[in-house]
Amino acid sequence: MNRILTKKELNPTVTLMEIEAPLVARKAEPGQFIIIRSHSDAERIPLTIADFDREKGSVTIIFQIIGAGTMRLNSLNEGENVAGFAGPLGRATKTEGIKKAAVVGGGVGCAIAYPVTKKLYEQGTEVHAIAGFRSKDLVILENEFRTHSSGFFAVSDDGSWGEKGLVTDTLKKLIESGEKYDEVITIGPLIMMKFVCALTKQYGIKTIASMNPIMIDGTGMCGCCRLTVGGQTRFACVDGPEFDGHEIDFDEAMSRSRMYSAFEKRAREETCNLLKMGNGGNA
Amino acid sequence: MAAREPKKHEMPTQKPEVRAHNFEEVALGYTAELAEAEAQRCLNCKNKPCVSGCPVNIDIPEFIAHLKNKDIEGAYEVISKTSSLPAVCGRVCPQESQCEHECTIAVKLGLEPVGIGRLERFTADWHRNNKKTAPVKPEPNGHKVAIIGSGPSGLTCAGDLARLGYSVTIYEALHTAGGVLVYGIPEFRLPKSIVAAEVETLKQLGVDIVTDVVIGRTLTIDDLFEQGFEAVFIGSGAGLPNFMGIPGESLCGVYSANEFLTRSNLMKAYLDDSNTPIMKGGKVAVVGGGNVAMDSARTALRLGAEKVYIVYRRSMEELPARKEEVEHAVEEGIELMLLCNPVEILGYKNEKDPRDPKNGFVRAIRCIKMELGEPDEKGRRRPVEIPGSEFELDVDTVIMAIGTSPNPQIKDTTDGLEVNKRGGIIVNEEGLTSRENVYAGGDAVTGAATVISAMGAGKTAAKAIHETLAD
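If you read the sequences in order, they're chains E and R.
Note that our numbering has the first sequence beginning at 1, numbered continuously upward.
Note that our numbering has the second sequence beginning at 284, numbered continuously upward.
Bound-form chain E, shown alone (with noise of 0.2 Å):
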């Protein structure tokens, strides 16, 4: 049983669970991700892991309120369980001999970044920390960031929180102004990833992104979350999620993500009015 042990709304459109899975919490690495189904007839949701307790054997994920599936799974409140929990799956991120390195986050992306930038500064890697939201409302794990980094830096695309800007103009700063990063790993929408890489790629630094594509059984099968990467087909599920920013095509995996666009659309009104009947969306 996958039970929910906490949930807390970190802001309007996202939320947070801490979920009871003692399998999956004592395999987890940052950077892999689960497969959740909040009902039995629910669709397979990949996320990318937030955090996880080994000895309390909870995993912790965030999810932004998108689409009809997210929307079920965000029905469900603490002490009810989820229909089913799968993970970790793909492959954990690579933190071994980083020096130095910033994490670029973008909006609830910065959810999976956090991890990530938790574990290379209690690694003892030099970390700086950049997340964009798009105003002050939307902000997530501020705290959390503000703790477990080496220097911070708050960007928001109205100028509500921290600097106004992208986080690609601090990211340039940071680079222009000497620092020398061994990495950066960058987590959120795919267009913020395109220009970091495309950034980073000017001034030759190692850059990995960390891809979320449409996925059904995550666990290699489907093929359906497959991407290019140096010219050559991948799985996001088996090979990633993460791959080398500077050979991923970004503009195929927009065209991808946008597949089913008007499908969701509907969905999204359909669940979104049989929720407000309150029946948890069990159509």
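Since the hints were made in silico from the structure, they are not lab data.
Treat the hints with caution; some may be incorrect.
In silico lysine-lysine, DSSO-like type, Cα no more than 30 Å apart, as pairs [stated by the list, open to error]:
1. R:563 / E:265
2. E:27 / E:7
3. R:563 / E:27
4. E:265 / R:635
5. R:694 / E:265
6. R:694 / E:94
Let chain E serve as the given structure and place chain R on it in line with the hints.
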């Protein structure tokens, strides 16, 4: 004695024009009268060549003899001695190249063989619908075995060991047991209620099925030994889908057959009120000629496609799909484009409007015509491109059904587990891998093959595990 009927008794089926628009089972199965009449065609010959044609060696003349005497439950008992999944095999086995291929009335008398598959299906269905008695749980023998994967090889291995008194746990990566029987083979060919009933029988025998556990990730094989399992059987299945490596395979609307079928079957996109998105309607090209290609094409048709093509690079003679599936597909209106190979998938690109929602979606597939040249190392004539014969086929969806490559997750986390060049796990004739007490079978060893060959491998491994642990 009356002259022997020269042909198999036809099995009633839904009419093609009707079934092309529903997901109900295509073939409806024999009635008791038809089954008895078909059973009478069996000679009950002494040397039983059909039995050696069966990968799990069902005593075929023996079960048919019971059917002749109207003893259907007796027939079921004979089959279930050696097969854990008779209702499945009666539906999906390629009998024409196995048991029925050896049938004496075909080989010696030149008649159509006895409809062994149809009789097996009838027997299993009759038992399921009429006998509600649970199988008797055997005395535990104190030994623990772990099975990875709940597909045909895993279920068979588990069933055989459970009947011998082993404590068996199956670990399944997905949320539903059944493997390819659930995610791959569509409802109209193998109703999921039948798979669920077979799985239920195993549970009644005491088999524990744990879903949502990915071996190689959640637990490793070494973890399983630490937990006290004495042997492990790997039946993890085919793995990652292959793509052709041609331009355009990442366009929206290009699926692997695994993805397309998983969306429809496991994730229930075929139901009207499903939460699972899938491309429906339009024109569809399926690339490949195996059973998976047929399943994909027929699923696309039932989801509402206006036209479905199967694009296969060799000729009808080499088409690897089960004969009945090809016939059914053609009857339903699917067009076989033989001696034809894709070279590129073309997408929409509206230069004037980057926000055109069709941008990035498939608009056509470019193919080249082929001819058969010299035989290759397997004796199959190699298809060769005919220069200058390219043509475009307007389609909205392309489904690649060209096989799979093994999933590396178990190999990468199991020291000393040897695999071949293609990534398939290496086993000896007993199914034993390079690791002590670790056995493997099915597609994880052979690459994509049939349900029954996977079952045969599960059976072989169960026997070997028993011989090793029972000492």
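- residue 563 (chain R) paired with residue 27 (chain E) [C-alpha distance capped at 30 Å]: Between residue 563 (chain R) and residue 27 (chain E) the Cα gap is close to 39 Å, so the pair fails against 30 Å, i.e. violated.
- Are the Cα atoms of residue 563 (chain R) and residue 265 (chain E) separated by 30 Å or less? holds, 17 Å
- Item | Straight-line alpha-carbon gap residue 27 (chain E) to residue 7 (chain E), limit 30 Å | Holds, because 23 Å separates the two Cα atoms, which is no more than 30 Å.
- Within a Cα-Cα threshold of 30 Å, do residue 265 (chain E) and residue 635 (chain R) meet the stated pairing? Cα-Cα ~25 Å, so holds.
- Task: For the pair we were handed, residue 694 (chain R) and residue 265 (chain E), check the Cα-Cα distance against 30 Å.
- Result: Between residue 694 (chain R) and residue 265 (chain E) the Cα gap is close to 40 Å, so the pair fails against 30 Å, i.e. violated.
- Given the hint that residue 694 (chain R) pairs with residue 94 (chain E), does the C-alpha gap stay at or below 30 Å? holds, 20 Å
Hint compliance for this structure: hints 3 and 5 are broken, all remaining hints hold.
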